[in-house]
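Student: Here are the chains, one letter per residue:
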Amino acid sequence: MLVVNNVTKKYGKLVANDNVSFCIESGEVSLLLGPNGAGKTTLIKCISGLLKFSGVIEICGYGNKTLQAKRYLGYIPEVPSLYEMLTVWEHMEFIARAYSLENWRERAENLLARFELDDKKKKLGRELSKGMQQKLSICCGILPEPKVILFDEPMVGLDPHAIKELKNMIIEQRQAGNAILISTHMLDSVTDFWDSTNIMIEGKIVDSRKRSEMEEAEEDLEDLFFRITKREN
Amino acid sequence: MRALIYLMFTQMKNRILSLRKKPGMLILYGFILLMVIGSVLLLIFTGEYNTKEVYADSRILYLFLCGFGLLYYFTFTTSGLATGSSFFTMADVGLLFVAPISNKKILFYGLISTIGKTVIASIFIIYQISNLRNNFGYGMTEVLALFLIYIIMIIFCQTYSIGIYVFSNGNQARKNIVKAFLFLSFGILILSVYMIILNKQVDILEAIKILVDSKWFGYFPIAGWSVMLFKGILAGSTMQIVISLALFVGISALVVTLLTAHDADYYEDVLYSTEIMHQRLKDYKEGRNVSSTTYRKVKIKDNENGFMKSKGAFVFAYKHLLEMKRGSRLIFVDIVTILIAIGAGIAGYYMKDDKSAYIFLGTIIYFQYFVTVFGRLKIELIKPYIYLVPETSFKKLFAASISSLLKPCIDSVIIFGVFALVGGAGIMQCIFMALAYCSSGAVFVGLTVLYQRIFGGQPNRVIKTFLGVLLMFIIFTPSIIATVLIAIFIIPETLQFLYTLPFTGINIICAFIIFYGCRNMLDNTEYSEGMM
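In order, the protein sequences belong to chains B and Y. Going letter by letter, the first sequence gives residues 1 to 233 in our numbering. Going letter by letter, the second sequence gives residues 1 to 532 in our numbering.
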């Protein structure tokens with residue numbers, strides 16, 4: 001569902017992503033791990049179509065810059081980017097109308113209720129705390145029912161209840177057959193549901209593993225991460 | 001102290017080195033520097049002073065100084081009453097305030113950093129050398145004097161604001177004293193102008209000029225001291241220079257002494273304002289309207305549906321309408337419209353000939369640039385949604401520009417309606433000037449798109465300001481030349497209200513070319529959070 005093939009992103013002489021390739025299948029939760037500055041956020045922005053790159057990125061078989069691909073993509077940025085003069089509910093309405101969604105109201109209500117934002121529907125974006133902004137940003141990303149969902153550090157700033165709810169939501173999305181890419185440093189929070197992982201260092205993918213392989217080899221995700229990042233450094 | 005010196009110089013060095021990664025900015029800063037150096041060299045090589053027989057009244061310049069002074073006096077007093085001011089950043093609060101360094105040294109560091117920043121920000125005065133020479137016959141001494149006075153004024157105001165905060169924080173009685181003093185001083189000024197009008201039988205402008213030029217006005221806080229200092233330098237009067245400097249320096253020293261005397265702990269006094277400044281700077285960098293973050297309470301009505309039946313890309317246009325409605329009850333009519341309309345009323349009342357009407361049009365088009373390029377389209381381009389929504393780039397760009405294209409149309413009806421009403425120009429001329437104003441608005445919306453296309457992001461305010469003057473010159477020169485030629489050779493005098501038509505036509509063509517040329521921009525440029 002998500003194919004990233006030989007993607008390179010340069011900022012002047014700095015190579016932020018160096019010939020990165022991987023793919024994520026339907027119903028797969030893939031982790032993008034790596035130390036700070038490894039190029040994870042840049043890669044996610046490239047996949048979202050926000051940055052230019054060389055290489056190929058396909059979402060459900062369409063080039064990531066096409067309108068079809070945009071319809072299938074959900075992106076939850078690292079830093080929530082909301083409109084300060086729109087209320088919580090208006091953000092949902094804005095997304096629904098921008099994506100020309102049908103029968104979205106009930107889904108929007110449910111999403112807000114799950115993240116305990118249902119009593120804050122009339123609050124403006126500027127009045128929300130950082131955690132609430134992150135919750136709303138997640139709701140905005142999920143509302144169009146994307147087939148490929150990109151989460152960039154989604155747990156940061158969330159309270160324990162919201163983290164639990166987000167985990168459940170990710171599992172539901174996987175069960176619905178969607179492909180999910182999560183960039184995170186909070187390894188503990190994703191151990192229950194990941195299927196594959198790509199570890200990035202200095203813009204390159206230095207290791208890729210499937211959960212099944214690791215379980216067979218009785219390897220631990222955290223140990224693997226520290227072993228690889230230490231070795232590379 | 002070593003740590004502070006290290007901090008100061010390292011920051012400065014890194015700021016300069018960071019320009020290597022932004023060649024566009026480097027070229028632009030180089031260009032600005034060259035313009036300033038060029039202005040200075042021009043002054044040196046063409047002789048210090050001009051030889052015109054008649055120069056503009058120096059009191060006009062005193063009025064400018066006085067205007068800045070009064071504005072700062074009012075705003076820094078009110079900000080002192082509310083939040084105070086600060087020489088520090090949040091990094092200073094987090095890293096310096098908790099470090100084992102004397103708070104006096106830290107205050108000194110804050111002062112020096114502020115002076116440095118103010119000197120750089122005030123460089124625009126040097127840029128005015130040729131204007132000051134041509135209009136007032138001033139040389140380098142006077143220009144440098146203005147430069148220094150402006151710096152002194154800014155630094156003093158920040159110190160003064162902290163002083164007001166320390167004096168009045170948490171004490172309503174003291175706050176009332178400061179407020180009373182502020183309003184009393186402005187009251188005295190208004191009364192003085194009124195008395196001059198009565199006694200000397202002059203108009204209001206002349207009365208203000210007489211007041212500002214008077215001896216006793218020199219003792220009026222900030223505005224008067226600045227005028228006294230400038231007049232002292234012009235006249236070579238040591239007494240005036242010493243008195244005005246003593247007032248600036250004396251009161252600053254008093255505030256600094258209060259802050260650092262004995263065990264005085266000023267950290268708390270500057271903390272709140274530092275936090276506020278940090279938030280404002282963050283908003284500014286992220287392209288938000290800083291004034292909108294004053295957190296005015298917005299009432300959200302039940303069943304309010306600002307999006308109506310919009311779908312797809314056009315939801316951006318409706319969203320802008322909703323946001324504008326929350327910013328101003330009259331949607332498109334905001335404080336800028338009202339201020340320009342007042343200006344139109346005054347200009348139209350005093351300037352009755354056709355030429356003046358065109359000068360007025362030129363002036364408001366100049367201001368229109370800033371209102372437009374810092375408008376809603378810019379904010380949309382620094383958020384990810386416009387790039388993510390599954391609609392074509394052109395549709396999204398157009399939809400996100402609609403509010404910015406409509407605003408000048410509504411504004412022009414009000415502004416030129418007022419202008420026509422007070423008799424500034426005939427109705428037909430006002431209609432065609434309004435059309436010209438709308439068309440220049442479309443060009444400026446196009447420039448916002450062009451900036452994104454060329455720079456891959458929205459340049460900051462300083463760059464946009466300098467670029468704007470240059471681009472306005474490039475874009476408007478052909479249309480102004482065409483307008484003049486057509487006016488002289490083609491349009492008969494009876495149809496002189498059509499003079500602006502070529503300008504309007506060329507602007508519309510320019511705007512169309514820019515939009516058409518950048519129609520795929522959202523697919524081809526990169527999203528960048530905040531301004532460059």
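Just so you know, the hints here were simulated from the structure itself, not pulled from any lab data. This one's a predicted model, so the numbers in the text were calculated from it and none came from an experiment. Each hint should be verified, as a subset may be incorrect.
[Said to hold, decoys possible] Taking lysine to aspartate or glutamate pairs in the EDC-like style, the calculated list, with each CA pair at most 20 Å apart, reads: (1) Y:K383 to B:E84; (2) B:K147 to B:E172; (3) Y:K383 to B:E102; (4) Y:K301 to B:D118; (5) Y:K383 to B:D192; (6) Y:K299 to B:E172; (7) B:K167 to B:E127; (8) B:K120 to Y:E323; (9) Y:K311 to B:E102; (10) Y:K383 to B:E78; (11) Y:K299 to B:D118; (12) B:K122 to Y:E323; (13) Y:K309 to B:E106; (14) B:K13 to Y:E526; (15) B:K65 to Y:D523; (16) Y:K301 to B:E127; (17) B:K10 to Y:D523; (18) Y:K301 to B:E109; (19) Y:K311 to B:E106; (20) Y:K383 to Y:E323; (21) B:K130 to Y:D283.
Student: Taking the hints in turn, state whether each one holds.
Tutor: Verification of the hints:
1. Straight-line distance between C-alpha atoms of K383 of chain Y and E84 of chain B comes to about 12 Å, which keeps the hinted pair within the 20 Å bound.
2. For the hint pairing K147 of chain B with E172 of chain B, the CA-to-CA distance comes to about 12 Å; that is within 20 Å, so the pair holds.
3. A distance of roughly 25 Å separates the Cα atoms of K383 of chain Y and E102 of chain B; the hinted pair therefore is violated under the 20 Å criterion.
4. For the hint pairing K301 of chain Y with D118 of chain B, the CA-to-CA distance comes to about 17 Å; that is within 20 Å, so the pair holds.
5. Of the supplied pair hints, the one linking K383 of chain Y and D192 of chain B is violated, its CA atoms being roughly 33 Å apart against a limit of 20 Å.
6. Our distance criterion of 20 Å between C-alpha atoms is broken by K299 of chain Y and E172 of chain B, whose separation comes to about 37 Å.
7. The suggested pairing of K167 of chain B with E127 of chain B is violated, with an alpha-carbon distance near 26 Å, which exceeds 20 Å.
8. A threshold of 20 Å between alpha carbons decides the hint, and for K120 of chain B with E323 of chain Y the separation of about 18 Å falls inside it, so the pair holds.
9. For a cut-off of 20 Å, the pair hint linking K311 of chain Y to E102 of chain B stands: about 11 Å separates their Cα positions.
10. Of the supplied pair hints, the one linking K383 of chain Y and E78 of chain B holds, its CA atoms being roughly 13 Å apart against a limit of 20 Å.
11. Annotation: proposed proximity of K299 of chain Y to D118 of chain B holds, straight-line Cα distance about 18 Å (limit 20 Å).
12. The hinted pair formed by K122 of chain B and E323 of chain Y meets the criterion: a straight-line CA distance of about 14 Å does not exceed 20 Å.
13. For the given pair, K309 of chain Y sits about 18 Å from E106 of chain B by alpha-carbon distance, which is consistent with the 20 Å threshold.
14. Restraint check for K13 of chain B and E526 of chain Y: satisfied, since their Cα atoms lie roughly 17 Å apart, inside the 20 Å limit.
15. For the proposed pair K65 of chain B and D523 of chain Y, the alpha carbon gap of about 7 Å is at most 20 Å, so the pair holds.
16. Pair hint K301 of chain Y plus E127 of chain B holds up; C-alpha atoms about 16 Å apart against a cutoff of 20 Å.
17. The straight-line distance between the Cα atoms of K10 of chain B and D523 of chain Y is roughly 18 Å, inside the 20 Å bound, and the hint therefore holds.
18. With a C-alpha separation of about 19 Å, the suggested pairing of K301 of chain Y with E109 of chain B holds against the 20 Å cut-off.
19. Pair hint K311 of chain Y plus E106 of chain B holds up; C-alpha atoms about 18 Å apart against a cutoff of 20 Å.
20. Pair hint K383 of chain Y plus E323 of chain Y holds up; C-alpha atoms about 15 Å apart against a cutoff of 20 Å.
21. Only pairs whose Cα atoms come within 20 Å are accepted, and K130 of chain B paired with D283 of chain Y is accepted, the gap being roughly 15 Å.
Against the hints set out earlier in the document, violations occur for numbers 3, 5, 6, 7.
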